[in-house]
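Kindly generate the complete structure, drawing on both the sequences and the hints.
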Amino acid sequence: MKIVVCIKQVPSSNEVRLDPVTNTILRDGRQSVTNPFDTYAIEQAVQIKEQHGGEVIALSMGIPATEKLLRDAESRGVDRAMLLSDRNFAGADTLATAYTLSLGIKQLGGFDLILCGKMAVDGDTAQIGPELAENLGIPHITDICEFISITPKDIVCKKITDKGYQVLRVKLPALLTVVKNINMPRLPSIPGVLFGLSAPLEIKNAVDINADSKLIGLSGSPTQVVKTYMPERQSKANSIEGDIASQAARISQLIKEFI
Amino acid sequence: MPGLKINQEKCIGCGLCVKCCALNALRIENKTALVNDNCILCGICVDNCPSQALSIEKEDSEQTDLSKYSGIWVFAEQYKGEVLPVAYELLGKGRELAHQKGCELTALLFGKDVSAEAQKLIAYGADKVLLCEDDDLADNLDENYIELFNLLINKYNPEILLFGATGFGRSIAPRVAARVRTGLTADCTQLEIDHETGLLHQTRPAFGGNLMAIIVCPNHRPQMATVRPGIMSAQQFDNSRSGKVIPVSMPKPVAKNIELLEEVLSSEIDSIADAQIIVSAGRGIGAQKNLALVHQLAGLIGGKVGVSRPLVDIGWSEYKHQVGQTGSTVAPKLLIACGISGAIQHLAGISGAKTIIAINTDPDAPIFSIAHYKVVADCVEVLKQLISIFEKSEY
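Protein sequences appear in the order of chains A and B. The first sequence begins at 58 in our numbering and counts up one residue at a time. The second sequence begins at 560 in our numbering and counts up one residue at a time.
Hints in this document: simulated from the structure, not taken from any laboratory. Backbone N, C-alpha and C fix where the C-beta goes; we use that ideal spot for every residue, glycine too. Among these hints, one or two may not hold up.
Restraint-style ranges between C-beta atoms, simulated for each label pair [what the hints assert, rightly or not]:
{"#": "1", "chain 1": "B", "residue 1": "R740", "chain 2": "A", "residue 2": "N262", "range": "40 to 50 angstroms"}
{"#": "2", "chain 1": "A", "residue 1": "L311", "chain 2": "B", "residue 2": "S801", "range": "34 to 44 angstroms"}
{"#": "3", "chain 1": "B", "residue 1": "N583", "chain 2": "A", "residue 2": "A306", "range": "51 to 61 angstroms"}
{"#": "4", "chain 1": "B", "residue 1": "H754", "chain 2": "A", "residue 2": "K125", "range": "39 to 49 angstroms"}
{"#": "5", "chain 1": "A", "residue 1": "G221", "chain 2": "B", "residue 2": "K803", "range": "42 to 52 angstroms"}
{"#": "6", "chain 1": "A", "residue 1": "G221", "chain 2": "B", "residue 2": "Q795", "range": "28 to 38 angstroms"}
{"#": "7", "chain 1": "A", "residue 1": "K125", "chain 2": "B", "residue 2": "K590", "range": "29 to 39 angstroms"}
{"#": "8", "chain 1": "B", "residue 1": "Q795", "chain 2": "A", "residue 2": "L311", "range": "23 to 33 angstroms"}
{"#": "9", "chain 1": "B", "residue 1": "D694", "chain 2": "A", "residue 2": "P248", "range": "47 to 57 angstroms"}
{"#": "10", "chain 1": "B", "residue 1": "D694", "chain 2": "A", "residue 2": "L244", "range": "47 to 57 angstroms"}
{"#": "11", "chain 1": "B", "residue 1": "G858", "chain 2": "A", "residue 2": "K293", "range": "39 to 49 angstroms"}
Now the structure itself:
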C-alpha cells in the first residue's frame, strides 16, 4: 500500500504577547515543529506499512527549513519525502494550499491512502484534508480514531462524531484525517536517524509541479486577512469575596439562575 | 510577483517588524527593513508597522462578475430528521445580515423525512427553504451532499453560505468550498457586513485564540464561513412568519464510496460539546478522588463534567472529557471552572461560554482574565459546600 502523509510546520508555541511600550504583537515560538496532530498520522502510516507492506511518503508545503521536519519523519519510519517550496506558494490559504498539495501528490505516481492530522494547531481550520480530497476527486473521512481492518481495496475505520462514533467502510484511494491519541508516536531509532540524514527527499517548486500561478500562494487564495488584533483579556470578572461558606452561597445563587 | 513590499521612504528602520515576525523573515540593513526568502505573507508585520511602510501586494486577479450573486444561505444540519440548534442560531445571525444587505435568507434542509422541520426554519427567520428529501441523505455521509450543494450553488448563486462548525459541518463545508472554488473561514466568532465594501467580515481566533483575525473573501462567491454551536443567538420563534418551501431533487447517481456500517451514540460525547452547564476541573482539584465531587455537583445541577488536559495526561480522566483546543470546544450557558489555571489552549476551548465562574487559589491565574466571576478559594472546599447546598435545596 502506498501511503502519503501530509505534514505542516507550525510554531512551537502559540503564545502571543503585546509589547507594552510599542503596542506591537510579539510572537513567541520561533522554533518550528511538526504539527502535533500530524505526528499521529505519520505513526499510523508507518504502522499500516509495517502490517501490510508498502511505502510511506511524507509531503509538505513550506519554507526550505521544513526539510528538517521531513527528515525527522524519515527517522521515524517514513521512506521518502517531498517538499513543495517556492516563494510563490507564500500567503496561501487553505484552498491554494490544498491545490498545491494535490499537484505534489500527482507527481508521486499514484497512491492508495492519504493521511492527515485532524487539523493544524496554528490555523485550527481542519480544512486541508477535505479540500485536498476534493482536489483529487477521492472520498474523505475526518476524525478517525481507530483503524479496524485494512485490505488493498478498502478500509473499515471508526470516526468520532458529535454524537458518539460511526464505523465506516471507505473504498480506496481515500483521504482520512486522524485524531490525537489514535496511537503512540514512536521516537526515532538510531538507524532511523541515520537513514533520515540521507533518505530520499525531493524539493519541488511551482514550475516542477506544473502549478497554475493564478491558483497558488496569495494570488490563488480567495480569503484575505484584513486585520489582526489581540483579543481583550482585561479581567472584567466580578470578584466573589468572603469566607468559603459565603462564597459558596453566592455561587449557588448564580447557579440557580441557570437550572 | 505578489509579496511583502517595503516602502523604503516610509520605513524608519525601527525593527518592530523583525521583532514580531515568528519566522525571522525580516532583517534590518542600513536602517531599512528587508524581506527574506522564508516570508509566508502572514501579514502580522503589516499590522504592526508604526509607519505603514509594509504592505502585501497581490497581483490583480481578473475581476469576476459578482453582481449575479445574492442572498444568504444557512445550511440547516439535521440529525435523524431533527434540525440542530446551531441552524437556528445561524438563522438568527443570517436574519441580521439579510436585513443589512436587503436580501433573502434561505435555509437548506437536506435529509430523509425532514419536511416537517421546514416550517420551524421559517419561524426562526428563513424566507425560503430549499428542501431535498432522499434516502441517500439519511446518514449524513459527506459524499452524498457534495453534488447537491454544487448543483444548487451554481443554479441560485448565493452570496453568503453559513455552516455550523459541527463535526459534519467542518467536514462538508471545506469539501463544498473546494468544489465551487471559493474561500471558507472556519469557526467564526463574529460575522458582519462591512458598510464600505458590502463584504462579509469574518472574525475568527488564530494561534489558539491568542490573536483575532478579520477575514474577507472579496472576489469569490459564495463567501463561506462556519460558526461553532452556541456562539450566535437564535431569534424568537415566530410561527406566524410565512415563507416558501422549494423542493429540489437529489442529483443521481451518488458515489457510494463510503458505507455506514454501524453508529454508536454516546451520551457523554454528545453532552460535553452541546452541554448547557459544565463543571470542569483542572490540576487544582488536587487528588483524583476529588473528581468525584465534580461529578456529584454536575449531577445535582444537571451539568456535565469537563477536565483540562493535564488531568487526561496523567490518566485521571478520559480524553472525551477534555476541554480545550485539542479536546472539545464548548459553549455552555454556565461553566464552573474548578482549579483550572487557564492555559491558552484551554481558554481557546471555553471562550464561547456565556458565563464562567472560576474558582482558583491563585488570584493571578489566567482563567480569571476571561471569567465573569472570580472566586479565590480552594475549589475542593467550595465544591463540598456547593454539594451540601444543592443536596438540601429542592433543585
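Going down the list of hints, with the structure as the test:
| no. | hint | in the structure |
| --- | --- | --- |
| 1 | B:R740 <-> A:N262: 40 to 50 angstroms | 23 angstroms, violated |
| 2 | A:L311 <-> B:S801: 34 to 44 angstroms | 41 angstroms, holds |
| 3 | B:N583 <-> A:A306: 51 to 61 angstroms | 54 angstroms, holds |
| 4 | B:H754 <-> A:K125: 39 to 49 angstroms | 47 angstroms, holds |
| 5 | A:G221 <-> B:K803: 42 to 52 angstroms | 36 angstroms, violated |
| 6 | A:G221 <-> B:Q795: 28 to 38 angstroms | 32 angstroms, holds |
| 7 | A:K125 <-> B:K590: 29 to 39 angstroms | 33 angstroms, holds |
| 8 | B:Q795 <-> A:L311: 23 to 33 angstroms | 25 angstroms, holds |
| 9 | B:D694 <-> A:P248: 47 to 57 angstroms | 54 angstroms, holds |
| 10 | B:D694 <-> A:L244: 47 to 57 angstroms | 49 angstroms, holds |
| 11 | B:G858 <-> A:K293: 39 to 49 angstroms | 31 angstroms, violated |
When the structure is compared with the earlier hints, violations turn up for hints 1, 5, 11 and for no others.
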